[in-house]
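Protein chains in written order, with the working numbering: chain E, 152 to 455; chain L, 19 to 195.
These aren't lab readings, by the way, just hints derived from the structure by calculation. Model, not experiment: these values are computed from the prediction. Even glycine gets a Cβ: it sits at the ideal position worked out from N, Cα and C. Don't take every hint at face value.
Here are some, though not all, of the chain L residues that point toward chain E, as calculated from beta-carbon distances under 8 Å [stated by the list, open to error]:
#, residue
1, K78
2, A146
3, N149
4, L153
5, L175
Here are the simulated DMTMM-like pairs of lysine to aspartate or glutamate, each with C-alpha atoms no more than 25 Å apart in a straight line [stated by the list, open to error]:
#, chain 1, residue 1, chain 2, residue 2
6, L, K60, E, E350
7, E, K446, E, E226
8, E, K348, L, E85
9, L, K102, E, D437
10, E, K455, E, E281
11, E, K446, L, E85
12, L, K147, E, D434
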Amino acid sequence: MNKRIIAFGTIAFVSLCAVAVFLPVANADSLRDRLKDLLDRAKPTQQAPQTAPATAPAPQDKEFKIPPIGNVPLEDEIRLGRQISGNLLGAAPLVKDDKLQHYVNRVGRWVALQSDRPDLKWTFGVIQSEDLNAFAAPGGYVFITRGLYAKMKDEAELAGVLGHEIAHVQQRHHLKVLQKSQLLNIGASILKKQLAKGESGVQKIIGSGAEVLSRGLDKDAEFEADRLGVVLAARAGYDAWGLPSVLQEISALSASDSSVGMLFKTHPHPDERLSRLSDAMGDRLDALKASDNGKGRFYKLAAK
Amino acid sequence: MTLSTMRWIGAMALGCALAMSAFGQEQGVAIKQDDVKAEPFKDAKTLGVIKKGEAVSILKKQGGWLEIKGSQAAGWVRVLSVRKGAGGGSAASELAGVAGVATGRAGTGQVVSTTGVRGLGEEDLKGAKYNEEELKMAEAAAIAAEEAKQFAVNGELAARQVSWLPVPRTTTSAGAR
């Protein structure tokens, strides 16, 4: 068994445990069935909310849907997210600029308020790396690199990028990865044992350091986060073209540019993301009123 | 060809790309076929088309539309039909991409950056050590919903109802490089 599968499996444990807490499951098979059941039942729950005048109602979304929030204990999700975030910050600490961090938290929190999980304790941060990348961890943790921030031109672009990450948290995209993994049938008791060990147990579950963030999600999860991110920014009152605009900037960079190495490795090519977004958006957002995008208050980074 | 030669070519190609974009007008490439409109509206008169892979000059942006000049027509196309960046067929970025692949290092995130700043590649993430102090600092910067709402008001941003976007039925595959 290779390391990667073990890592996936261990993550699977944690989320399954979350489910198991509420379900008196005796063995792994029934646990798996129950999880599938939960996921299936959750499918119809994501319909287009209120029909806005500007957009057509969304047709039945065939993609994987998350279970209602109550089915996964938030406590476990946050523990996992804290450990992953703490590890990420161990590799790249926060940019020591309080005004920058405060600004990004206000934009991020405002966008997150438009999501299906407005009440999480959303935490945003800009980290010290000139790579172009952004990360989300379960429970409401979102980080973007200084390099990516420096590429942005206005608040709408920031809102769009944060919207994409917020969407990963909203949709609990890690669960999808787990569902696909082949190790769902390992007993939940092992997982419980791990979690009971506290921090070291949680770390065992997520693998080495923050490597879970270097693996990436599947393509559909990324396309979905793009679609949701665009809508979240638009709901927050920004132009819907902030995220596409950042993708266009990134698209102009070659995959051999080291600053986008990880981004290109863990995401579909920006051209493909733009193309999919274009198909999804069509003229649906054309009627939205133009936005001042925060009236030119976008925070300028201090020169390095 | 040696590794250093490949790198040299890559660097030259990137240099060319920078030089090309320095000529004022922003360059772009059509990532899908699209109608060129006389005005930035769906129902405006169609003046022609841009073809996938066609190089265009970007003149202006307005909402979801770009004013462009293509090889056959000039006018407005949807923002998402064009990606920024120089060149068409023999785009500098493609050359650089080839060089990256040849060194076997494209996408690993392990290429040493020319500016010497720290990257955040797979090994960096894997070897990362938990930093509680930084995490607490990040968490301390989180703000309450009320403050975010006030921030929106200050920026004249009003929440609005927008439906989730559907999964597109037909997907046009982008020009994979």
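Next on the checklist: Hint check: K446 of chain E vs E85 of chain L, CA-CA at most 25 Å. Holds or violated?
Outcome noted: holds, 23 Å
Checklist entry - Between K60 of chain L and E350 of chain E, does the CA-CA distance stay at or below 25 Å? => result At roughly 55 Å apart (the allowed maximum being 25 Å), E350 of chain E and K60 of chain L break the hint.
Item to check | Given pair status - E85 of chain L, K348 of chain E, alpha carbons within 25 Å | outcome: violated, 60 Å
Next on the checklist: Does the closest beta carbon of chain E sit nearer than 8 Å to the beta carbon of N149 of chain L?
Outcome noted: holds, 4 Å
Item to check | Satisfaction of hint between D434 of chain E and K147 of chain L, Cα-Cα up to 25 Å | outcome: With a Cα-Cα distance of about 46 Å, the restraint between K147 of chain L and D434 of chain E is violated, given a limit of 25 Å.
Next on the checklist: Would the hint linking K102 of chain L and D437 of chain E be met if the CA-CA limit is 25 Å?
Outcome noted: Holds, at roughly 21 Å.
Item to check | Interface hint for L153 of chain L, Cβ within 8 Å of any Cβ on chain E | outcome: holds, 4 Å
Checklist entry - Regarding the hint that L175 of chain L lies at the interface with chain E, is the smallest CB-CB distance below 8 Å? => result Hint holds; L175 of chain L Cβ to chain E Cβ min 3 Å, cut 8 Å.
Next on the checklist: Would the hint on K78 of chain L be counted as holding, given a Cβ-Cβ threshold of 8 Å to chain E?
Outcome noted: violated, 14 Å
Next on the checklist: K455 of chain E and E281 of chain E were given as a pair; does the straight-line alpha-carbon distance stay at or below 25 Å?
Outcome noted: With Cα atoms ~11 Å apart, K455 of chain E and E281 of chain E stay inside 25 Å; holds.
Item to check | Distance restraint between K446 of chain E and E226 of chain E, which requires alpha-carbon spacing of 25 Å or less | outcome: The hint is violated at about 38 Å.
Checklist entry - How about A146 of chain L: closest beta carbon in chain E under 8 Å, or not? => result With Cβ-Cβ at 4 Å, under 8 Å, it holds.
This entry does not satisfy hints 1, 6, 7, 8 and 12, going by the numbered hints stated previously.
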